[in-house]
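Take the sequence shown: its letter number 350 is residue 349 in numbering that gives the first Met the number 0, and every next letter is one higher.
Careful, some of the hints might be misleading.
Taking CB as the label site, the calculated pair distances span [to be verified]:
| id | residue 1 | residue 2 | range |
| --- | --- | --- | --- |
| 1 | D406 | M354 | 24 to 34 Å |
| 2 | R808 | D552 | 21 to 31 Å |
| 3 | E842 | D552 | 14 to 24 Å |
Below are the BS3-like pairs computed for lysine-lysine, each with C-alpha atoms no more than 27 Å apart in a straight line [unchecked claim]:
| id | residue 1 | residue 2 |
| --- | --- | --- |
| 4 | K769 | K535 |
| 5 | K562 | K773 |
| 6 | K528 | K773 |
| 7 | K359 | K769 |
| 8 | K528 | K769 |
No wet-lab data here; the hints were simulated from the structure. Don't be surprised by glycine CBs; every beta carbon is placed ideally from N, CA and C.
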Amino acid sequence: MTDSDDALSDPEAVSTDHHAGLASFDDERSNCGVGCIVDLPGETTHETVADALELLENLEHRGTTGAETNTGDGAGIMVDRPDEFFREVVEADLPEEYGVGAMFVPTDPEPRAELERLVIETLAEYGLDTLAWREVPTDNTGLGATALESEPAVVQVFVAPADDADLAGRFTGEETFGVDTEPSLRGFDRALYAARRAMEKGASEREGRKSFYVLSLDRRRVVYKGLLKGEQLAAYYPDLTDPRFRCRVALVHARFSTNTLGAWHLAHPFRNIVHNGEFNTIEGNINWMSARENDLVHAGFGDDIETLEPIINDPTQSDTASVDNALELLVQTGRSLPHALRMLVPEAFREDHLMDTARKDFYDYHASLIEPWDGPALVIGFDGDQVAAVLDRNGLRPCRYELTTDDRLIIGSEVGALSTDAAEIRKCDRLQPGEIFVADLEDGRIVPDEEVFAELTDEQYGQWVTHNQIALETLVDGTEAASQRRDVERQSSDAGPGDVAEDDSRSVPVRAYQAAFGYTRDSLDHLVKPMAEQGKDPVGSMGDDTPLSVLTDLERPLFSYFKQLFAQVSNPPIDYIREELVTSLETRLGEQGNLLDETPAHAEQVVADSPLLTGDEAAILREIEHVGGNHGVSSTALDTTFDPEESLESAVAELRREASNAIEDGADLIVLTDRAAGPERLPIPGLLATGAVHHHLVREGLRNRAGLAVESGGAHEVHHVATLVGYGAGAVYPYLAYESIADVVSGSGGADEANAIAAYRDALEDGLLKTMAKMGISTVESYQGAQIFEAVGLDSGLVEEYFTGTEIRTEGIGLDVIEDRLRSRHARAFGTDPELDRIGEYENRSSGLYHGWNPNTVGTLQQAVRNGDYETYREFAALANGTGEDARTLRGLLAFDSDRDPVP
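I would like the entire structure built from these sequences, with the hints used as guidance.
This is the structure we're talking about:
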């Protein structure tokens, strides 16, 4: 077994060494089998557990193994607490209400003893007595070598509130909303939650931490799982086959990890859910959750709220584990399980004209609080009282269910997951795209979708949205700025960049600004012009045979060092044209507020139909002040240009300070603008400014308090806009691209130019939708800040500082090179005769970018084929491979590091 193989099953390696080598745990993907058995009348039976285990075995084709056929990717089961069983096997007098903690601990006695002391001490800090420990019986006969090498010990700890602990007083308060749970039980639940988070933090600094993991710590649920195949689960845990082990609910999961091997702690179920699918926006979701932490306030948790942070326990954990963390926070702070699921995985509601208004208002309001966790997903959750299942808006994961004549509910990834006599099936159906399904254990029935929303919807949501939400379109229609702005944008091509530039720079031709911001004749002729004429992103041949930006001597914009990712393995892209109903470009700008509360002020945001702003919209946003409800929304524009005497690094640092100060002073919207660029001012590259400010505000705990818009002279391609949005911009105004339209379309009349700008904007929007769809993302709210890119050819320190969390496998240029190129380009642009380079990006030119398929390589290949000349082919291969100083690809930089003779 190699070191990398060992790391794959090592929890510590997952969190500390996930960038070792080319393999990365950030690439974790899975497509799994899930199932659930519910006895709706509420009878606890062993049959429920036995049927769940049979269902799990029948889903074996959805789980998988590696090279070892007896090591699975993971399997597990979550059940409601088997009270009778525990009272018989635990050597303690269990009270009426008690909690059970299931844990993985080291097999080494010394670190195990230390960690168990940590557990006892932490429980005591939160008013909980440790009643007993139980060594969970396990049988590892038949497990593969990989599972055995990382196998932990499995224990259960039984806890109850201490006699002198007032958990209701400590963990409940005057809460504005929430599930109606008896205060003492609510306090107990929250004490268990806070204690688990505290012990997880404490364990991270202890010896043996790599083998410590809390499967569950709850008064109503318990989890059994491991690095197992579905068919091994029952044999490994003899508890599950004991006739005394009786339950009314059982959730099972067979894991299919498509990119890496599994690990004991990554098996499902997690503490609240099982999941089949992938959350494509997970990087952004984690970043946004981190940004919210500084604003989290809850009457029940009080100062203990800090114990729960970071909400996402480990940013390198699986996407399901992260969703489980987020869901748990929402449920523990008062929202019901269906409510929390609908916040994280909402329906496509914006274009659904048949949807009930109250339901739309529910989604519209909660979109002000949190972005969708987007991607193909079936999530089944269990909170002890309800089982709820939700399917993504596209319905890209299967969920079938059957209801038997004796009111047993069977949910599975497919029909027939559990063998059932057809005569016993009363109803057979499937979960529809975006639908939620709830089984209420207290009432012993399936709650219809309409009834679920009757509980969730409240007329106050509609009132709050109506009275506080600000539609950008109405602001534009209600001001004189529209007509003023149209006059500005009808300037001829020899006008300056607009109203922010100094008077003496207005005579500078647009060509100079285009050169300063990195435009080329290629991009204008092959992209901007066709987009302005046709309203579509131009279609080109597949593939790009030009060198990576870091491998060419020609200057390339910072945008080009970021490569778009796309849906792979089990994660399908979506058809944004035919599935228009589920896509949305709607964007929100403003403060998000405390996620754990619901007030009218949460709806005070500016809502735009698209992140691509018109001139009128940009003018409004730049100067908006206390528009809206009570506090309203106010903006601050920050200049992202700097004096040539300054350094780029100091300019970025100053911009970050200004952003923080503006938010502290009450700004709800930060507008980053480089419109002051000119002969005497250098522009910070728009992507660098956006990423730097976004991540700085995340680290400072201020990002949640303000929206971010960018006025960028450099953005003129679809990829440019995609990167700006992907790194945090809620809106983009490509002003120089608009002003360049007159230079590339025939005729400069107002009407023609206005139509061309509108067509160009449509093309950018269409291209952004296409870019999102390639990754299976439906909404721009999910795409914003999601960082669905890989950096290629940038210094890792630069990426970590300004584009934190972006995947990078190669080193490259740093801020110094970016600054040198910026200054060089600026000097040429504002020299005596600015000209745009024609670099041959889309067609071969002798003085331009190197193309892998050029006359020399094509001619040599043709000659080799026609003449059957192997030596000529070798010449072609040498040209195509390009190694050493002639390298044009990463492959060309690699060589075999071996002293062995080649295989003959």
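Hints, verified against the model:
Checked against the hint of 24 to 34 Å, the pair D406 and M354 passes, with Cβ atoms roughly 31 Å apart. About 23 Å separates the C-beta atoms of R808 and D552, a value consistent with the hinted range of 21 to 31 Å. At about 19 Å, the beta-carbon gap between E842 and D552 stays in the expected band of 14 to 24 Å. The straight-line distance between the Cα atoms of K769 and K535 is roughly 11 Å, inside the 27 Å bound, and the hint therefore holds.
A threshold of 27 Å between alpha carbons decides the hint, and for K562 with K773 the separation of about 13 Å falls inside it, so the pair holds. Under the criterion of a C-alpha separation no larger than 27 Å, the hint pairing K528 with K773 is consistent with the structure, at around 24 Å. Between the alpha carbons of K359 and K769 the distance comes to roughly 26 Å, so the proposed pair stays at or under 27 Å and holds. Straight-line distance between C-alpha atoms of K528 and K769 comes to about 19 Å, which keeps the hinted pair within the 27 Å bound.
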